[in-house]
Amino acid sequence: MLSLIVLGFYPLIFIVLTALSESSLGRPFQEWVGTANLEAALGDDDVVASLLRNTIYAIFVSAASAVLGVATALALFRSARSGAVVRTLLLLPMITPPVVVGILWKLIFNPSGGLFNTVLSFFGYSGDPVSVLASPTFAFLGIAVADVWEWTPLIALLVFAALLGQDPELTEAAALDGAGGIRLFAQITLPAIAGTIAAAFLIRIVLAFKVFDLVYIMTAGGPGQSTTVPAYLIYQAALQQFDLGRAGTITLLLAVVVTVVTLPVVAITRRLHHD
Amino acid sequence: MIKRSSRLATVTVGVALLFTLLPLAYLLSVSLMKQGEISAGIVWPSNPEWGNWVDAAASRLPRGILNSVITSLGGAVLTLVIALPAAWAMVRYRTGGRTLAATILSPWLLPPIVAVVPLFTLLRVLGLNNTLAGLTIVYALANTAVAVWLLEGFVRKLPVELDEAAQLDGAGAFRVLGSIVVPLLTPGLVAVGVIVAVLNYNEFVLATFLTQGPEAQTVPVVLSLMLGERLQDFGKIAAASLIGVIPVFAAAVFLQRWLVAGLVSGSVK
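Residue numbers (our numbering), protein chains in the order written: chain A, 40 to 314; chain B, 3 to 271.
Don't read these hints as lab results, they were simulated from the structure. Check each hint, because a few of them may be wrong.
[Said to hold, decoys possible] Over 12 angstroms on every C-beta distance to chain B, these chain A residues come out as not near it, computed from the model:
{"#": "1", "residue": "L91"}
{"#": "2", "residue": "L229"}
{"#": "3", "residue": "G287"}
[Claimed, not checked] Here's a subset of chain B near chain A, in silico, CB distances under 8 angstroms, partners left out:
{"#": "4", "residue": "L30"}
{"#": "5", "residue": "V32"}
{"#": "6", "residue": "L186"}
{"#": "7", "residue": "P189"}
{"#": "8", "residue": "V255"}
As the structure is a prediction and not an experimental result, all values here were calculated from the model. Glycine is no exception: its CB is placed at the ideal position from the N, C-alpha and C atoms.
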């Protein structure tokens, strides 16, 4: 109960109070300003753009992770050769510290001598070295690749476990009745694992909205604002500009956006689990 | 079930393995390169050298690993101590009904950066800023909700008759918890403990803003500081990253079964 208050409610109340007041890091709650912070944040293009950016990013990386994760899980399930060693190796990205993931992909995308450029030139590319993380267009894609690499194993693991948990008699009966290949998958396997896929997708979206370490390590929000996610704006507001009112307001806006985006997924997950 | 192996499946597993391991192999390769080789665009050094590993081992890294291990294990044990009675009460006595479980998990939806300022203020008041004790307490509380959520799945599978039998014999709630639930739940506790310890070990945001000196800085913080140095030594950073992940990778290899059981129990209930 104590932990609930300390970690759940204390920061929440703190955030709401700061959002409603003029607060600095040294002197919080100087003056109550009502909705002035909210109006300022909603009128700030950087804030609105970062919320939108993170939403698109979350949907994109979650979809990519879901497709790759389900494909890997199905392949693991159908391949007789994959033992415990292969499964452990496939899980490694998920337990690698995000800071190391960031360092790793920063080295790969390093314009001077990184693996990405070495591979490009191996395939005949001969122009200037490509600097993925310094490009306003591609920097976010670079972070997305690292993010997908890190979290696809989680989806693969959860879906794989659901595949193992299927009722084998059902599959056998369907196979005996002549269902095979795609039909067996679409009518028997997919319905059995759909609930798990939806739940894994939900977890994945939330993880994508929480991305901070990768941005901090790989691009520091740049170039320009092109990889600035709300979590990074909150960091800048609170710990660089010492404007807690602004940080609290962006936090509340982010909470609203995460809720709105995840609600349909939550509804789908519930329905699939109750069938 | 007749398990048919398909060629497509084997190829897909192969591609997944390649995509998973290639970046890690490249990290190893860079850690064995000399400064000039890193910018030369080669895949593997012609003369692998361990100099970067020696440099990394002579830095603040070993202290960081010690700090990480202390805070992640200490935090995990404290988390279990808090989370087990909570999960048990929520399953057996329906404490808080359906809403409590969802409510305590809701802060997990937000990036941890939002908790930094309030926690910083709190630790300063308690005099625990920049200490291992402070960071351990923060970790213990930060993962309690996730641990409750994961443990619920394990507690649900325990037969309720055992509790009832013990109660009929006159055991109180805490006695039942200590002598019946804990021994039966050991696999679940280990599984959730491993997950929470790994989460703690990998945590960066809270560690970097709640610690200011080498006596409390953890592995991710030490690595980010190396990246922030004016002359970035990529070879040393790569070596330090690999040394830093050894504890979690070792945990994954030796405790894989529990790690998997814990993750699966949370999502499939």
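Against the structure, the hints come out as follows:
{"no.": "1", "hint": "L91", "in the structure": "holds (17 angstroms)"}
{"no.": "2", "hint": "L229", "in the structure": "holds (16 angstroms)"}
{"no.": "3", "hint": "G287", "in the structure": "violated (8 angstroms)"}
{"no.": "4", "hint": "L30", "in the structure": "violated (10 angstroms)"}
{"no.": "5", "hint": "V32", "in the structure": "holds (6 angstroms)"}
{"no.": "6", "hint": "L186", "in the structure": "violated (22 angstroms)"}
{"no.": "7", "hint": "P189", "in the structure": "violated (16 angstroms)"}
{"no.": "8", "hint": "V255", "in the structure": "holds (6 angstroms)"}
Taken one by one, the earlier hints fail for this structure at numbers 3, 4, 6 and 7, listed in ascending order.
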